[in-house]
Amino acid sequence: MKKEMICIECPKGCRMEVYYGDGKTVEVNGNMCPRGREYAASEIEDPRRILTSSVLCEGLDLRMLPVRTDKPIPKQALLQAMERIRKIRVKEPVRAGDVIAQDFFGANLIATRSATRENV
Amino acid sequence: MINKDLVIVGGGPAGMAAALSARDAGVRDILLLERDQYLGGILNQCIHTGFGIYHFKELLTGCEYAGRFISLVERSREIDVSLKSFVVRLTNDRVLTFLKPGKMETVRAKALIMATGCRERTREMIHIPGTRPAGVFSAGLAQKLINIEGLLPGKEVVIVGSGDIGLIMARRFTLEGARVKAVIEIQKQSRGLMRNVVQCVHDFDIPLYFSHRISRISGRDRVEKVEAVRVDEQGNDVDGSRFEILCDTILVSVGLIPENELIEMAGAKIDSATNAPLSKELNTTSIPGVFACGNCYRVYDLVDSVTRDAQVCGRMAAEFLAGAR
Numbered sequence: 001m002k003k004e005m006i007c008i009e010c011p012k013g014c015r016m017e018v019y020y021g022d023g024k025t026v027e028v029n030g031n032m033c034p035r036g037r038e039y040a041a042s043e044i045e046d047p048r049r050i051l052t053s054s055v056l057c058e059g060l061d062l063r064m065l066p067v068r069t070d071k072p073i074p075k076q077a078l079l080q081a082m083e084r085i086r087k088i089r090v091k092e093p094v095r096a097g098d099v100i101a102q103d104f105f106g107a108n109l110i111a112t113r114s115a116t117r118e119n120v
Numbered sequence: 001m002i003n004k005d006l007v008i009v010g011g012g013p014a015g016m017a018a019a020l021s022a023r024d025a026g027v028r029d030i031l032l033l034e035r036d037q038y039l040g041g042i043l044n045q046c047i048h049t050g051f052g053i054y055h056f057k058e059l060l061t062g063c064e065y066a067g068r069f070i071s072l073v074e075r076s077r078e079i080d081v082s083l084k085s086f087v088v089r090l091t092n093d094r095v096l097t098f099l100k101p102g103k104m105e106t107v108r109a110k111a112l113i114m115a116t117g118c119r120e121r122t123r124e125m126i127h128i129p130g131t132r133p134a135g136v137f138s139a140g141l142a143q144k145l146i147n148i149e150g151l152l153p154g155k156e157v158v159i160v161g162s163g164d165i166g167l168i169m170a171r172r173f174t175l176e177g178a179r180v181k182a183v184i185e186i187q188k189q190s191r192g193l194m195r196n197v198v199q200c201v202h203d204f205d206i207p208l209y210f211s212h213r214i215s216r217i218s219g220r221d222r223v224e225k226v227e228a229v230r231v232d233e234q235g236n237d238v239d240g241s242r243f244e245i246l247c248d249t250i251l252v253s254v255g256l257i258p259e260n261e262l263i264e265m266a267g268a269k270i271d272s273a274t275n276a277p278l279s280k281e282l283n284t285t286s287i288p289g290v291f292a293c294g295n296c297y298r299v300y301d302l303v304d305s306v307t308r309d310a311q312v313c314g315r316m317a318a319e320f321l322a323g324a325r
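As you go down the protein sequences, you meet chains A and B in turn.
Under the working numbering, the letters of the first sequence match residues 1 to 120, in that order.
Under the working numbering, the letters of the second sequence match residues 1 to 325, in that order.
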């Protein structure tokens, strides 16, 4: 079977033709770099996305702490992951890169900005 | 009055990169003015990924991209950062007046770099008829409300225009539990990057209407519905193609304009079509010693390009100070 796809790995947005069968990628055309092939295979076999969102803080200088998964998580789990994010409260100061939640749909949820108790 | 070799207005990606590159080119006395209480500019509300693939060869969020520059600026003894500092006046001999909590200060700069970014075009600039209810936001304002303030501005959303911020906000609203009922684009293709069409709109099955425009906004106190219509090649409405979409919120994502009020106040020439400074050489203005970089010079798609532009500009200001220009 054939599927047309646009790569999301970089701003170029290569238009690709992806041939596949039995849930496996057979051939990819139109990609300008190897990341396109990897993305195409992942889209056929196990589509994933990095989830970015923000979590509520209490007693810190930021009201919302921006977060992301440290690797892509299954695309189907995005809305479920958001439900878990809505329940998280950050009350202790964090540095960018700190883990906010472990075992988060096969990844870690990490802070992408620091939050302190200063200037509250 | 304070005297400084180099003053930079704006502590976003352009201002920070310009400050660091001017320092690396030998400038030792730099003042960086930022009106917000944090450095980082618009990147602080850009919590999504897609930044840094060219500059850092890594995929970063906007906050992470800003964070890397912020720590370099904060560690630099040559760069004096003044936060909550809002420039209100600029003269053509490079004297700036700025407000900060409790005081008004004046600084004379031997060289000046403007890094004031851009502003969003508004509903008023695209002439949508109808009432003027609450619930019409620019996409970037909605982004700030959700990502910084933790407020969801609406539950049923129609997005006008398919600029990158609008596409990013289609996904953001969806993830936050709101329903994005349509993205309406008057052109035949998206104004945003293809990857944003895919991962923000297609991923969530959000209807995207090309060659359509919003012909009316209705609602008494709050937005209640919009009327959309298809347009032909000449931009005329197609008879019989009108339809209504019920919604409580409209996001406007119809482009960005360079912000150059200060240099205009100082007498610099501005291109009336693009609102960008007019001058003979790149990254300069018509006022000697006043440079401009980043989105106030030209609106870029990628922050990586803003950084590169600002680095060039920082070196030009250093050459000017060394007497080479």
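Heads up, a few of these hints could be off.
Stated by the list, open to error - Sample of chain B residues facing chain A (criterion: CB under 7 angstroms; computed from the structure):
| id | residue |
| --- | --- |
| 1 | G52 |
| 2 | T61 |
| 3 | C63 |
| 4 | G150 |
| 5 | L152 |
| 6 | I186 |
| 7 | S190 |
| 8 | S279 |
What the hints contain is simulated information worked out from the structure, not anything from laboratory work.
We put the beta carbon where it would ideally sit given N, CA and C, even for glycine.
*Do the numbers back the hint for G150 (chain B), that is, is its least Cβ distance to chain A under 7 angstroms?*
holds, 5 angstroms
*Report holds or violated for the interface hint on I186 (chain B), using the least CB-CB distance to chain A and a cut-off of 7 angstroms.*
violated, 21 angstroms
_Hint validation: T61 (chain B) versus chain A, beta carbon distance must be below 7 angstroms. Holds or violated?_
Since chain A brings a Cβ to about 5 angstroms from T61 (chain B), closer than 7 angstroms, the hint holds.
*Please verify that hint: L152 (chain B), Cβ, nearest Cβ of chain A, below 7 angstroms or not.*
Interface hint status for L152 (chain B): violated (11 angstroms vs cutoff 7 angstroms).
*Report holds or violated for the interface hint on S279 (chain B), using the least CB-CB distance to chain A and a cut-off of 7 angstroms.*
violated, 28 angstroms
*Residue hint C63 (chain B), partner chain A, criterion CB-CB below 7 angstroms*: Because about 4 angstroms separates C63 (chain B) from the closest Cβ in chain A, which is inside the 7 angstroms limit, the hint holds.
_chain A contact restraint on G52 (chain B) - CB to CB distance below 7 angstroms_ = Because about 11 angstroms separates G52 (chain B) from the closest Cβ in chain A, which is outside the 7 angstroms limit, the hint is violated.
*asked:* Tell me if the interface restraint on S190 (chain B) is satisfied: Cβ within less than 7 angstroms of some Cβ in chain A.
replied: violated, 10 angstroms
Checked against the numbered hints listed earlier, the structure breaks hints 1, 5, 6, 7 and 8; every other hint is satisfied.
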